[in-house]
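J.: The chain contents come next:
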Amino acid sequence: MAQKPVDILAVGLQKQYGDIRALQGIDLSVTHGERFGLIGPDGAGKTTLIRVLCGLIRQDKGTFQVAGLDGMRSIRTIKSILGYMPQKFSLYPDLTVGENLRFFADLFHVIGAQRQSREERLLHFSRLGPFWKRRAGALSGGMKQKLALSCALIHTPAILILDEPTTGVDPVSRREFWEILRELSDRDGTTILVSTPYMDEATRCHRVGFMNEGRLLATDTPDNLIHGYPYRVIQVHGENLFPFRKALETIPGVRSVCALGEYLRVSTEKTDAVVHAIGDRLTHAGATGFRIRTVAPLLEDMFVNLLESGRVS
Amino acid sequence: MTAETRWAVETHALTKRFGDFTAVDNVDLQVHKGEIFGFLGANGAGKTTTIRILCGLLRATSGQASVSGVNIMRHPEKVKPLLGYMSQKFSLYDDLRVIDNMIFFGGVYGLKWKPLKQRIDHVSGEIGLHHLLNRQVRGLPTGWKQRIALACAILHDPAIVFLDEPTGGVDPVSRRQFWDLIYGVADTGKTVFVTTHYMDEAEYCHRVAIMYQGRIVSCDTPHTIKAQSGDPTLEDAFIRLVSDRIRQEV
Ligand SMILES: Nc1ncnc2c1ncn2[C@@H]1O[C@H](COP(=O)(O)OP(=O)(O)OP(=O)(O)O)[C@@H](O)[C@H]1O
Ligand SMILES: [Mg+2]
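Taken in order, these protein sequences are the chains called A and B.
Following my numbering, the numbering of the first sequence begins with 1192 at its first residue and continues without gaps.
Following my numbering, the numbering of the second sequence begins with -3 at its first residue and continues without gaps.
Simulated from the structure, these hints should not be mistaken for laboratory data.
Hints may contain errors.
What the hints assert, rightly or not - Here chain A is said to cover these stretches of chain B; the calculated rule only asks that three of the stretch's residues, wherever they fall, bring their Cβ under 8 angstroms from a Cβ of chain A: (1) 127 to 139; (2) 186 to 193; (3) 231 to 238.
Said to hold, decoys possible - Derived, one-sided and incomplete: chain B residues facing chain A with beta-carbon distance under 8 angstroms: (4) Ala38; (5) Asn39; (6) Thr44; (7) Gln84; (8) Arg172; (9) Leu177; (10) Tyr179; (11) Ala182; (12) Asp196; (13) Cys215; (14) Pro218; (15) Gln224; (16) Ser225; (17) Asp227.
All C-beta atoms in this analysis are idealised placements derived from N, C-alpha and C, irrespective of residue type, glycine included.
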């Protein structure tokens, strides 16, 4: 199999703001047609990394390449190749939905049949069609976000960098949006680097990088990341379990307990003794009618684990 | 007017039009006191508009609404001290310290200096903000800003808080911690009226309403909503309910 070209390459990127070390040596490579997800807690450095790669701020140390072009020498060409959607994208509030879309289509010389098919696809995702003539300023928060996404996707750049694109977007449109991203990379070969606070979105990427405190702590496929989860996840199902979560936290071998609707998710050492202890403790605390079973870990469990092991060291 | 009622929020045929567009369409809602009530819906469904009406920030076109037993159409000014509001674009003063923000918001709600100081101390303990009080807001991670905004919204000890997408753009760990706080707030007897697009956290609510194009299409416990649609998660149930509506239109 021929090796795919690397579209985004970072080597030893560092960036400091005052005494905050936002990037502490980032090595990253994203290959052609790959969907690469960046996850990590607030303030991990995701936005800083993205801004460096888009040439909006300059790193203190390290180098990077985009589409084989050097990040220092060819930043103007890079900017013209990249599609970038910042966390806070500004629309023109006095222009209508249609005018905003057309404005960006003109800006990127998207014309004719291509413009029409793009517009249709994007309106299907955003459901903004009925609001074509509404001023962008009078849209709801999520509608504005979807219009911004549509403006960013009206042209098809070879490389797309998106910073938390779906904040405020409802579940139905969020799913549609990821369908578009999937088409762009799997069908058209667009390379996508996307940061997200949604673990289910990260799971839809080919590879995921977990960032914390300016470092990439783990980079792998979602499956491999989940597979490396060192604990067992036990799910307790029943009504009104929330008050009992504290009672479980003190059981030896329990790593963490979190409530999820009707469930308690408990991460434990891999011993059966813990499972028994959980049942005993719940019964003792007065819980009734609950069921306990072992379930597969999720990317979110891995996220919590990476974050906590990072904090300890 | 201050008659005892078991409803924290009660609306009848609440309607809001912008020109000839109906953003909130005949909404009937009843929220129990002390409940964590999730207000869900597609983008543009009318959630923020409804909340702004209930907070006395926007006039309804028609219909009735009361919050904590006070009729907001007749006594909008009497409602404000009874509620806290954290908006979708919550605004803190970035260049001020955390404590100055709290003093400012306490002042807005007319708290006098001494009780204000006591409340700041109390709420900082509840929300776990003591160590941050002297920090400037700018530069704090989003998760912390959200907590500070929550603290500001409950400083005047309201009976009900309206939180409009309090956890937008926040990482999974901070979201869990924020929901622990929401449960803490509810434990002190306050009603929490909260919107979110994260269906996993909507599962934490006692009851949820799902809104679509200005109307409530479903209102029940997450358990019942899932059972009725036969879906394993609230996200699946939500997508099914909303997609069904979308299909009916085309
Ligand atoms: N001032 C206004 N003029 C015209 N239309 C408006 C105005 N304010 C809101 N709307 C419209 O009312 C509808 C409901 O908006 P609202 O902000 O209440 O939605 P929402 O449910 O909060 O959505 P989101 O999930 O995106 O935050 C939208 O179609 C919006 O465009
Ligand atoms: Mg809203």
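J.: Output the indices of the hints that this structure fails to meet, ascending.
T.: Hint check: 2, 9, 11, 13, 15, 16, 17 fail, others pass.
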